[in-house]
Amino acid sequence: MIEILRQLQDIIIAGEPDQARGLAVQALEAGIAPLTAIEDALTPGMQVVGERYECGDYFIPDLMMAAEAMKAAMAVFEPALMARQEQRQVLGVVVIGTVKGDIHEVGKSLVGTMLSAAGFQVHDLGVDVPASRFVERVQETEANVVGLSALLTTTMRNQGTVIEALKEAGLREHVKVIVGGAPTSPEWAQTIG
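Residues in the sequence shown are numbered consecutively from 1, following our numbering.
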C-alpha cells in the first residue's frame, strides 16, 4: 500500500494525469481510504511541486501539469469521499471563487479540492465571479467561510469589493473570509477587512 502512495506522489510531482488516474484507482482497489491517499500522496506531492517552483526548478507549466495530475486523481477519489460523507462530520460550508475580471483557476481549484477532502462542503463558483454572486451563494448555502482568489494585481481589489458587498448584505460578521493569490498578503487581507 505504501508503494502505491509513493508512486502516486511521484506521478503528481511529474505531472502525469493519466498515470495519476490509474494509480488512484489502484489505491482504492488496494483498500486505501481516499482521504489517506489525498493526505499521504497528493498533498505532499503538491508541496514538493510548490517547493520546486519557489526555488526556480519548476515553472508555471510544471505547476499546471501537477495540478492536472492531482485533478485526475481527485476525480477518482471524490466519488469515494462522497460515498463516505455520511460518516464524516461536515466542518463548515465554503463558498469559493475567483473574483470578477480574473480567469485563473488552478490555485482556487486546488484549495477547494483540499477543503473538500478535509471535510468541508465546498461550493465552487468558478472564475470571473461578480460580488453579487458571492453574496447570493452565501445566502443560499448559509456558508460560514468565503474564499476569494485573485492572481492579478489589477483584479485583487475586487476581493475588497466582495467583502463590502458581504457587509452591505449583513453577512460579513457571519463568515470568515480567506483571500488568496500571488499578489495577496496578510497586510492586504487586513487592509480590505
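If you're looking for bench data, these hints aren't it; they were derived computationally from the structure.
One should not assume that every hint holds.
[Stated by the list, open to error] Using 16 Å as the maximum straight-line C-alpha spacing, the simulated EDC-like pairs for lysine to aspartate or glutamate come out as follows:
#1 Lys71 / Glu39
#2 Lys167 / Asp128
#3 Lys167 / Glu136
#4 Lys176 / Glu142
#5 Lys100 / Glu136
#6 Lys71 / Asp10
Indices of hints not satisfied (ascending): Violated: hint 2 alone.
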